[in-house]
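Residue numbers (the numbering used here), protein chains in the order written: chain A, 1 to 173; chain U, 1 to 390.
Just so you know, the hints here were simulated from the structure itself, not pulled from any lab data. Since we're looking at a predicted model, the values are computed, not measured. Every residue, glycine too, gets a C-beta built ideally from N, C-alpha and C. Any given hint could turn out to be false.
Claimed, not checked - Using C-beta positions, here's what the derived DEER-type ranges look like:
| hint | chain 1 | residue 1 | chain 2 | residue 2 | range |
| --- | --- | --- | --- | --- | --- |
| 1 | A | Ala89 | U | Val210 | 26 to 36 angstroms |
| 2 | U | Arg22 | A | Ser122 | 49 to 59 angstroms |
| 3 | U | Ala38 | A | Glu113 | 34 to 44 angstroms |
| 4 | U | Lys112 | A | Gln130 | 34 to 44 angstroms |
| 5 | A | Glu113 | U | Asp230 | 50 to 60 angstroms |
| 6 | A | Asp125 | U | Pro319 | 47 to 57 angstroms |
| 7 | A | Leu173 | U | Phe228 | 25 to 35 angstroms |
| 8 | A | Ala45 | U | Gly235 | 50 to 60 angstroms |
| 9 | U | Val210 | A | Asn142 | 14 to 24 angstroms |
| 10 | U | Phe228 | A | Thr126 | 18 to 28 angstroms |
| 11 | U | Tyr82 | A | Gly68 | 16 to 26 angstroms |
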Amino acid sequence: MSQPSKQGLTRRALLSRAAAAGAMAVAGAGFIAAPDAAWAVEVSAISEHEMATLLQMARDIYPHDKVGDRFYAIAVKGYDAEDHKAEVADGIAALDAAAQAAGFDSYLAAGWEAERVAILHSVEDTAFFQTVRGGLVTGLYNQKEIWPIFGYQGESFSEGGYVNRGFDDIDWL
Amino acid sequence: MAPWYDKAEAKLGVTGTGDRPRLPGCNNYLVFEKGAKALGYQDVHTGNMAINSVEYDDRMACQQTGFCFQGCKWGAKWSAAYTDIPRGEATGNLEVRDNAHAARIRHDDAGKVTGVEYFDKDGNLQMQRARIVCVAGNSFESPRLLLNSASSRFPDGLANSSGQVGRNYMRHTTGSVYATFERPVRMWRGTTMAGIIRDEARHDPSRGFVGGYELETLALGLPFMAAFLDPGAWGREFTTALDSYENMAGLWIVGEDMPQADNRVTLSDTEDKFGLKVANVHFTDHPNDIAMRNHAYGQGQAIYKAVGATRTLPTPPYPSTHNLGTNRMSERAEDGVVNKWGQSHDIANLFVSDGSQFTTGAAENPTLTIVALAIRQADHIASEMSAGNL
């Protein structure tokens, strides 16, 4: 996706431009946000480009088409911290370099998931990739709010278990 | 062993033994059972579980809550924590010292053990004198304690004249098979592992391996499934499987792994916070383990395909399962660590009371046998003490 210049743009203008471009997320001054403004993540330690790249990377590593970007944003927003600053800067620079070696301006500029996945495969043995991937396993799937999307009901003790609530209700066998 | 298995089954309230009914089958079991029957398996049921199917021993019946591995909030699943330990304390003959850490077992000049040195909950070293010491720290900590108890008289560790302490570590040949279907299963609802196929638990080398295995139902919650379905995997091959989580069924393979002398627990150079060397664990699969696992993957996938699976997922073993062996029982002192009573060959008043006594893992979950051996050992110790032999 293209990176709109943030210079001279208000948040509102930026969002509307991103929506018109059909972008997944857009980087503004100190934040990235959904084109429809459904969510936004402020950044202070790392750059908007780095956070937008992390977000895309998270979705490409564990793509669930029914899981909204806001959940991926929650999973990666912890990287916006002083003690992750160097790690993220180096990791995203390396990812963009790999994208450039594959003929794209940046990782985010690769338009198809398959193109980005190919770039990720070229860096999947790096500590940065494995850190991001490993962190997502808990950062994404431990969010109780996404469990209903998968049909998962979580704990049942508080509701008395399933003994009277369908533990054996399968009807298609 | 039969009388002690009966005692253990009564103590734990094992379903399908005595007059205790089996548990009802949950959704995950019903898929598993239908596939098993389609393949011609005969010995298929909800297992012999230490989970009450009806009220028993002042504990309520299973509420089909799931999360059985975490312990049971209802108390339907047997645990010493709320049965034997409080009852023992009520006799006035049992004292539990929590957060104590055994450091080493001491002995006298005659080679008899005299007690245990341990760090108490405040970190102070204490000595508890004892007429008899029974070690039950599981297959890592039991050999570690014996090895860390080395002295000038026993330079290779206590009970280790054979060199067998720590050897033949076993953990069952395992793996899982998950499968997705067109319609929901909701495998997480209900008792996690109440479902078993026993037909493959036999010795039949025509299958390409010796020994046998069982298949048991298994379900993991979504976050656990994400971590263990295919550790390290990413991308759509992985995520589309999770997308079908609601339509997924699962089973676990538990087979007899081959005892190997070099699969062992040794002392590491790394020390814990008390300055005690920690256990180093080495394990590699035997070719027989691999052949057995591959056979079980094939059968597990066939079971689910027989019920219309749209996709089957032969899932790698979880990082740990049942730890067994490392202080094995033997008739001859040179072949093992303890005799048939769990009494060490070298030191008459030193016993091992856990699964580290096992010579093989068998194709079975081990708790019942561990409990049966412990009751049998206790009966033996009581009679030997009464006779003045210990």
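So, going through the hints one by one against the coordinates:
1. Range check, Ala89 (chain A) to Val210 (chain U): about 56 angstroms between beta-carbon atoms, so the 26 to 36 angstroms window is missed.
2. Between Arg22 (chain U) and Ser122 (chain A), the C-beta spacing of about 54 angstroms keeps the proposed range 49 to 59 angstroms intact.
3. The hint said 34 to 44 angstroms for the Cβ distance between Ala38 (chain U) and Glu113 (chain A), and at roughly 38 angstroms that hint holds.
4. Between Lys112 (chain U) and Gln130 (chain A) the C-beta distance comes to about 53 angstroms, which lies outside the given range of 34 to 44 angstroms.
5. For Glu113 (chain A) paired with Asp230 (chain U), a C-beta distance near 19 angstroms fails the hint of 50 to 60 angstroms.
6. For the hinted restraint 47 to 57 angstroms between Asp125 (chain A) and Pro319 (chain U), the CB-CB distance of approximately 21 angstroms leaves it violated.
7. Judged by the Cβ atoms, the range 25 to 35 angstroms given for Leu173 (chain A) and Phe228 (chain U) holds: they are separated by roughly 26 angstroms.
8. Taken as a hint, the range 50 to 60 angstroms is violated for the pair Ala45 (chain A) and Gly235 (chain U), whose Cβ atoms sit roughly 29 angstroms apart.
9. For Val210 (chain U) and Asn142 (chain A), the Cβ-Cβ distance of about 42 angstroms falls outside the hinted range of 14 to 24 angstroms, so the restraint is violated.
10. Between Phe228 (chain U) and Thr126 (chain A) the C-beta distance comes to about 23 angstroms, which sits within the given range of 18 to 28 angstroms.
11. In this structure the supplied range 16 to 26 angstroms is violated for Tyr82 (chain U) paired with Gly68 (chain A), their Cβ-Cβ distance being about 43 angstroms.
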